[in-house]
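Participant: Chain order of the listed sequences is A and B. For the first sequence, position 6 matches number 6 in our numbering, and the numbering has no gaps at all. For the second sequence, position 281 matches number 281 in our numbering, and the numbering has no gaps at all.
Keep in mind the hints are simulated off the structure, nothing from the lab. One should not assume that every hint holds.
[Unchecked claim] One side only, chain A facing chain B, incomplete, derived with CB under 8 Å:
#1 167
#2 169
#3 196
#4 199
#5 213
#6 304
#7 317
#8 382
Ideal Cβ positions, reconstructed from N, Cα and C, are used throughout, including at glycine.
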Amino acid sequence: MTHAPTSSTAPPHPAPPRRTALAEGAERLRHAATTEPGRLRVIGAVLALLVVAFGTVTALQTTHRATAADDVLHRSQPLSSDAADIYRSLADANTMATSGYLAGLQETTATRERYESDIRTAAAKLVTAAANSAPGSPSAATITRLNELLPRYKGLVEAARANNRQGFPVGGAYLRAANDTMQNEMLPAAEDLYQKENQRLSADYADATPYPWAAIALGVVALAALAWAQRRTYLRTNRVLNHGLVAATAATTVVLLWLVIGHSVARAGLNGSYTHGVRSLSVLHDARIASLKARSNENLTLVSRGAETRTLKDGTVMDAYDWAYDQELDRLAKTLAHADRLADDTAGRTPVRVANESMKVWKSRHELARRANDSGDYQKARDRVIGTTAEDESTGECFDNVDTSLASALTHETNEFKQAARAGLAAMTGLPAGSAVLAVLGAAGAVLGIGRRLSEYR
Amino acid sequence: MAAVCALALAFVLLLPRTQPYATGDPAPGGQRTAYATRAKADTCKDSEAHDRSLSPSSADGPTLGAIRSRGYLSVGVDQNSYRWGYRNPNNSTGELEGFDIDLAHRIAKDILGDENKVQFRAIPTNERIPAIRSGRVDMVVRTMTITCDRLRQVAFSAPYFLTGQQVLAPKTSEITGYDASLAGRKVCSGTGTTAYDHLSADKKNGRLPASTDIATTVPNQLDCLVRLQLGEVDAVVTDSALAASQAAQDPAVALKGTSFTREFYGVAMKLGADDLVRRVNRTLEDYRKDGGWKESYDKWLSATLGRESSAATPPTASYR
Chain A
1 MTHAPTSSTA PPHPAPPRRT ALAEGAERLR HAATTEPGRL RVIGAVLALL VVAFGTVTAL
61 QTTHRATAAD DVLHRSQPLS SDAADIYRSL ADANTMATSG YLAGLQETTA TRERYESDIR
121 TAAAKLVTAA ANSAPGSPSA ATITRLNELL PRYKGLVEAA RANNRQGFPV GGAYLRAAND
181 TMQNEMLPAA EDLYQKENQR LSADYADATP YPWAAIALGV VALAALAWAQ RRTYLRTNRV
241 LNHGLVAATA ATTVVLLWLV IGHSVARAGL NGSYTHGVRS LSVLHDARIA SLKARSNENL
301 TLVSRGAETR TLKDGTVMDA YDWAYDQELD RLAKTLAHAD RLADDTAGRT PVRVANESMK
361 VWKSRHELAR RANDSGDYQK ARDRVIGTTA EDESTGECFD NVDTSLASAL THETNEFKQA
421 ARAGLAAMTG LPAGSAVLAV LGAAGAVLGI GRRLSEYR
Chain B
1 MAAVCALALA FVLLLPRTQP YATGDPAPGG QRTAYATRAK ADTCKDSEAH DRSLSPSSAD
61 GPTLGAIRSR GYLSVGVDQN SYRWGYRNPN NSTGELEGFD IDLAHRIAKD ILGDENKVQF
121 RAIPTNERIP AIRSGRVDMV VRTMTITCDR LRQVAFSAPY FLTGQQVLAP KTSEITGYDA
181 SLAGRKVCSG TGTTAYDHLS ADKKNGRLPA STDIATTVPN QLDCLVRLQL GEVDAVVTDS
241 ALAASQAAQD PAVALKGTSF TREFYGVAMK LGADDLVRRV NRTLEDYRKD GGWKESYDKW
301 LSATLGRESS AATPPTASYR
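Isolated chain B, as found in the complex (with noise of 0.2 Å):
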């Protein structure tokens, strides 16, 4: 299923350069694309899109020659997600810090020798993928979750977390999870996440009660925290590695019924960046072996999400 996957997406991202081979020989060029377009809408499945990156290498490439000779990493961060990527402000060097920092001070160490060679540059959620495809950073590492359709715009690593969806609301709210209970309610999600995919979809297909308000879209998922705050929305749905951190930010709220997805993190590249693909699930390898994810998830998650929970093992990566 991989193979094809994979075949089908070589074959899409080939398409410009086939189509003028096409016009000469017509009928099995045309036929070919074809093939391979419908093959991909088939066989590209978000609950297998994890699995379909590069195998590690150190190898040195053109995209890691750039990076070296630029002599920094330049890096997608969020500076909104507690304990993920945030500015703490009672660190008074200002500095980002999180899971997701931890693993880019990695990367860059990896690669330049220096943990510390690394430019980090906040991003709002709708702006990852339009940052690594114009070359404004290198590579995002911001709790973004590997779907087909970014693997159609962006090159992924093989997975480093396991989440999943969840609904956030005040602890004395009725709303009771993913279900019924959010009828009538003003439910709150980021602009171009999948949170906001999810509930636009299942608003369509009657998983969820089409009274449901699903119009507040926010520039970062913690907005939603402020909006839920002020009792500008009933409830928040994000992740439920985000949904975590923005519980362990206000006592009054609590994560409600379980995830109603199941998704993966991965890093994200630009489109053709293989040597600099594998270079990251190289260190990926390193970083789950050498217990340095493990270290780095009791430092900040473990409160949140707990040391016994799914999330709490990084997922084995399988490559195509």
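Here chain A stands alone, though its shape is the one from the complex (with noise of 0.2 Å):
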């Protein structure tokens, strides 16, 4: 398709096109720039904007850092330790509730109030969750979905209680379409929330620690214009110092080091909260959840009573609660010596020894009850894992003492995280203000000596 000429009116010489602002503006320099004077404001001028833009950038990307830095102490790790907490007690919750069902009437006041207790921390951080995800994320669709689920779960478990209480084994059919709904629902939905508030810490760390090159490099360039300029004035003058110009490099200078030394600092506090608080913190989740699960693994073993069996790969056919059992232990032991290799101090290190010896003690009182089932006593099988006086050894015990030792290395390293966290983010502290404030300051000390200069022509 073309179009034929359609007009031919078109002047045969148009008129010489009007010139832009630019090349008017750069006509003017290049005529400025053939005096003196018209170097000199030329100078001035490119040496205020290199300051400027220094300063700007700083505070630019220093803040970008400092609020990224702020996030990881005051929102992205704790939401981070908010979604461990919702996995560890709905976890806790449904261990609690095997145990009770377990133990029939011997049911203690203490499981009954750890399970409640759990569903409200669940319900709760559930709630500061949802306030800290963004509407329609996947996040928020992943709360919504445990919101929805926690309640029916609970109803499952009272309705197992109350037939329970009446002697109705369809008590025990509702504890397992209770245990089915966390396992095989609740769980995944909470390891999920879990991952993505990982994924935003270590977005946050990612945002928080690189060094502001751009910023870096306008300072050197900033700062080699300013040198140029006064061997400049010291070739022409002789004149040693120019106080402006000396004023504005002074400011520069400290703002350059300001920005290294700060960043820095604060770089190596929030790395060292990674490497001691934030990888101890995950390891130790790990080492919580495994503990757990072998728990409830273990209790159901002793529920379903062989209800449930996996054939291995050499074919033989093991209870699957206790093959389950088996590989939740060998995590734990994994994990804690991984976690043992993480700390960095005694005060760090003796819950984690603390917890492998419970756990070894554990693992060889489980082989006891497991033997005991195996050669049919169920009753001592029974006593040696939810007994409650201290001659039955049971294996309750040691449960209970790994979560505990687990739970004051989580206190201690979340301590550590804090602290390092808390000086990293102290060494950005006035970093994008101050540095704002002086570069002003030394844009016009640039300005201003120029000026002193300029004023020689007068």
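Quick one: dock chain against chain with the hints and give me the complex.
Facilitator: This is how it looks when you write it as structure tokens:
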């Protein structure tokens, strides 16, 4: 498709186009650069611009990093640990529900209360998590799902309890339904939420720690330009110092040093909070989950009594819950060993070692319970698992020890994290505002210094 | 009839062994196995499957010897069937109890001299046969109906209880029984149960409306009661004995109509464990005669099944 020329009235000699403002400015600059006052004006403008740009970029980049660092300390890490708590509370509630069922009439008030408090914790932390999630995000959907499932789960557990009280085995069927809801729907959702919160935490770390290269580069360029301008002045006037330019150089140097040192300190703090805090926290969290799952499976071995089996690769058939218990205890041993390697002081290492010792006792006691169960002595096996007196030598005691030790290790590492992250954040305090103010002062210095030289031409 | 049936079964069992011989003499051997398979299909009827156990005896044998040297009897039971095999939460020891459990204790007492030398393993309904065949349990005493299909995979004792399939639904429901009132309703049954076999067969042959939804199957019949109480299904089909035990746990549900089949429970054991089967049949004979059966029935079942019902007397055994 082509257009035929529509107009033949176009002037054969078009008028010269109007010069653009840019071209006009460039022309004026070129003209000005031919005289010394003109050159000085240009130099002054460029110096002021460089210093202001340096200050602005520094303020922007440090604000961004300080915000991210603040998020690590006050938002994403607490949310990630909240998500871990949601997972732990749910798993713990289920463990308590199965323990209570196994104990029947001997269910202790402590078990019941711990179940109730787990449910409350999970509900409260879900509210916090919901308030901090963007509407329509995948996290929000997961939280909604958990909020729907929690009352359903609790309803099933209460139905199990009410029927148990009347001696109806349908209570056991309700407990199995509750356990299925927890294992197949709620815990995977909680795990998903934990992963998402951890991603957010990693993203905040990634935003807070990289060096502000743009600001540093601009700072170096500004300093170089200031040095060049002063050398030029010295060569032309033989005067060593131009007060304005010296002030500008000083201000720029202070901002650059503050930026580099402050950021390095902050970065060290944040990296420290990650290696000494977050990494340990995540391993300890895994260990706690493994111990909870192992305990829950240990209970269910006795609740289900071989109702579910698993065929191993070599063809042997094993109780499904007993098999799962073995897996989780192995994972507990591995994560505890890892936590021990990560712990960097005695205060952090002691509870991990205590947990490790308790785990070993648990393992040997479980072996006795398993042997009792395998030889048909259900009563003895049950006492060895849920027994409450010291002579029962129950595995429940060991589980409680592992759980308590891990809880204190978690508290310690959380404090380590907070200390390091706070120190890191403190190193950035005032940097955005300070750099802005100093840059304005520096720019003013540069302008005044050049102005002083200019006035010599009047 | 029973003799033909037994003969047919023996042939099926011997199939792997007869075939190599058959290759030497193809014509008669081949004919014979073909005949045996056909005879089996023709003659075993579920209504007579319970009359085919071995005659009672207390003679020793390899299976009994193995159990005695191990020191305890391993029994697959249910822990969810109220008054049959269940864990009473109000029983502080956490031991299982019920009619099936009493019988298992009695068998342990007769074999090992101590009724407590028994290890109970709770097994899901669809694991009953695999558990026996893999040797995980010596026997299954778990409201298990004797059928021709199962006789091919496990050996059964003489019948020890008479029951039949029945419909369970909320009292207020418009369902009247195993009939057209189930149209468009969701019916729950246990995975691997005779109830499900009946439901799917009757849906195909038109005895049940085609719109009946029988897709809900659960590991244990009691899970059906949970579904019914949560309103996820409209009715449950299970043995009347178990339906009665479900109704006993919830005053808002009731048995609807009458039993639409006649079935017998038996103790299931491994194929070929003849000494054990005979020993159990001996125990069942004694159990009936010395009033142990009746005592257990009165203790566990008379409240839900009644003192005068057809289930209240032990079925008489006839052996092959």
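Participant: Against each hint, give a clear statement of whether it holds in the structure.
Facilitator: Hint check results:
For residue 167(A), the interface hint holds, since its Cβ comes within 8 Å of a Cβ in chain B; the closest pair sits about 5 Å apart. Interface restraint check: residue 169(A) against chain B, minimum CB-CB distance 4 Å, threshold 8 Å, status holds. The closest approach between the C-beta of residue 196(A) and any C-beta of chain B is roughly 31 Å, which is over the 8 Å cut-off, so the hint fails. A distance limit of 8 Å between C-beta atoms decides the matter here; for residue 199(A) the minimum to chain B is near 36 Å, and the interface restraint is violated.
The restraint placing residue 213(A) at the interface with chain B is violated, with a minimum CB-CB distance near 61 Å, outside the 8 Å limit. At about 6 Å, the closest approach between the beta carbon of residue 304(A) and any beta carbon in chain B falls short of 8 Å, and the interface hint on this residue holds. Taken as an interface hint, residue 317(A) checks out: its beta carbon lies about 6 Å from the nearest beta carbon of chain B, inside 8 Å. For residue 382(A), the interface hint holds, the least distance from its beta-carbon to any beta-carbon of chain B being 6 Å, beneath 8 Å.
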